[in-house]
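Visitor: Model the full assembly from the supplied sequences, consistent with the hints where possible.
Sequences listed follow chains A and B, in order. Note that my numbering has the first sequence beginning at 124, numbered continuously upward. Note that my numbering has the second sequence beginning at 219, numbered continuously upward.
Note that these hints are calculated values from the structure, not bench results. Hints are supplied without guarantee of correctness; some may be wrong.
Derived DEER-like restraints, expressed as beta-carbon distance ranges [what the hints assert, rightly or not]:
id : chain 1 : residue 1 : chain 2 : residue 2 : range
1  : A       : GLU177    : B       : PRO236    : 44 to 52 Å
2  : A       : GLN137    : B       : LYS298    : 44 to 52 Å
3  : A       : ILE190    : B       : GLN280    : 24 to 32 Å
4  : A       : ALA175    : B       : LYS298    : 22 to 30 Å
5  : A       : GLY182    : B       : SER302    : 36 to 44 Å
6  : B       : SER238    : A       : ILE190    : 17 to 25 Å
7  : A       : LEU178    : B       : LYS297    : 43 to 51 Å
8  : A       : GLY163    : B       : GLN231    : 32 to 40 Å
9  : B       : ILE274    : A       : LYS193    : 25 to 33 Å
10 : A       : GLY163    : B       : GLU244    : 17 to 25 Å
11 : A       : SER130    : B       : ALA227    : 26 to 34 Å
12 : A       : GLN137    : B       : ARG260    : 21 to 29 Å
13 : A       : SER205    : B       : SER219    : 38 to 46 Å
Chain A stretches covered by chain B per the calculated footprint, using a threshold of three residues with CB under 8 Å from any CB of chain B [what the hints assert, rightly or not]:
id : region
14 : 164–173
15 : 222–233
Even glycine gets a Cβ: it sits at the ideal position worked out from N, Cα and C.
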Amino acid sequence: GQQLNQSPQSMFIQEGEDVSMNCTSSSIFNTWLWYKQDPGEGPVLLIALYKAGELTSNGRLTAQFGITRKDSFLNISASIPSDVGIYFCAGRDQGAQKLVFGQGTRLTINP
Amino acid sequence: SQTIHQWPATLVQPVGSPLSLECTVEGTSNPNLYWYRQAAGRGLQLLFYSVGIGQISSEVPQNLSASRPQDRQFILSSKKLLLSDSGFYLCAWSKDSNQPQHFGDGTRLSIL
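Guide: Here's what the structure looks like:
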């Protein structure tokens, strides 16, 4: 079955630093999504990508849909304390009902 | 705008007791609905999804079942809970299979 490898599993950074995380897939996806989950809450959609090569920003967040359609990355610029949480990538094949989720990247920020 | 509600937020149940978690969506019609389970610090495991009233697809064999009695209502049930059923249960909806899924705030289930 489809698998997503998300890395790194955790990050410990200083406030103000930039963050980069990525996901790679064993198969081709037509959609890549990035979510953020705060403790005790459900994941919240950050960015949705639908086209190979697409680069989309949401404030300080930027995500790209890899050209090979097997990978995606998320960058956060100038991190702030509220960026703390777990970030999940998710991918979907054309017409598939299901999303495949990565295992998450836990971001911790030292003030 | 669309909203999704899950309840209860937390639940503590003894082993062998029944379970009913409810999820409702407002502001849309005929959504796709999903139940996920998340183990502590881990990713999301899809349990069930539904593309319409009465239609349920099960992803993994387990002690749980799902039902969709109304268009915007999705229920997760069990007749007899096991210790291994503990976890964080999330409901999600999407307009269709090509649209992003949007999650509720989850139910933290602890089995004693």
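Visitor: Please verify the coverage claim for the region 164–173 of chain A: does it have three or more residues whose C-beta sits within 8 Å of some C-beta in chain B?
Guide: holds (count 6)
Visitor: When I compare C-beta atoms, does the region 222–233 of chain A have three or more residues closer than 8 Å to chain B?
Guide: holds (count 6)
Visitor: So the hint says 44 to 52 Å: do the beta-carbon atoms of GLN137/A and LYS298/B match that?
Guide: Roughly 49 Å apart at Cβ, these two residues keep to the hinted range, so it holds.
Visitor: Quick check on a hinted range of 25 to 33 Å for ILE274/B and LYS193/A, using CB atoms only.
Guide: Cβ of ILE274/B to Cβ of LYS193/A: about 31 Å, so the range 25 to 33 Å holds.
Visitor: Holds or violated: the 22 to 30 Å window for the beta-carbon distance between ALA175/A and LYS298/B?
Guide: Since the Cβ atoms of ALA175/A and LYS298/B sit about 47 Å apart, the hinted range of 22 to 30 Å is violated.
Visitor: Between the beta carbons of SER130/A and ALA227/B, is the distance compatible with 26 to 34 Å?
Guide: holds (32 Å)
Visitor: Taking the Cβ atom of GLN137/A and the Cβ atom of ARG260/B, is their distance within the range 21 to 29 Å?
Guide: Hint holds: Cβ distance 27 Å, inside 21 to 29 Å.
Visitor: Given a hinted range of 43 to 51 Å, is it respected by the beta-carbon distance of LEU178/A and LYS297/B?
Guide: Given range 43 to 51 Å: holds, Cβ gap about 49 Å.
Visitor: CB of GLU177/A to CB of PRO236/B, is that within 44 to 52 Å?
Guide: Because 46 Å falls inside the window, the suggested range holds.
Visitor: Against the range 36 to 44 Å, how does the distance between the Cβ atoms of GLY182/A and SER302/B compare: consistent or not?
Guide: holds (40 Å)
Visitor: Tell me if the beta carbons of ILE190/A and GLN280/B are separated by a distance inside 24 to 32 Å.
Guide: Violated: the Cβ-Cβ distance is about 38 Å, outside 24 to 32 Å.
Visitor: Per the hint of 17 to 25 Å, is the separation of the Cβ atoms of SER238/B and ILE190/A within bounds?
Guide: Distance hint for SER238/B, ILE190/A is violated at roughly 47 Å.
Hints 3, 4, 6, 8 and 13 from the earlier list are contradicted by this structure; the remaining hints agree with it.
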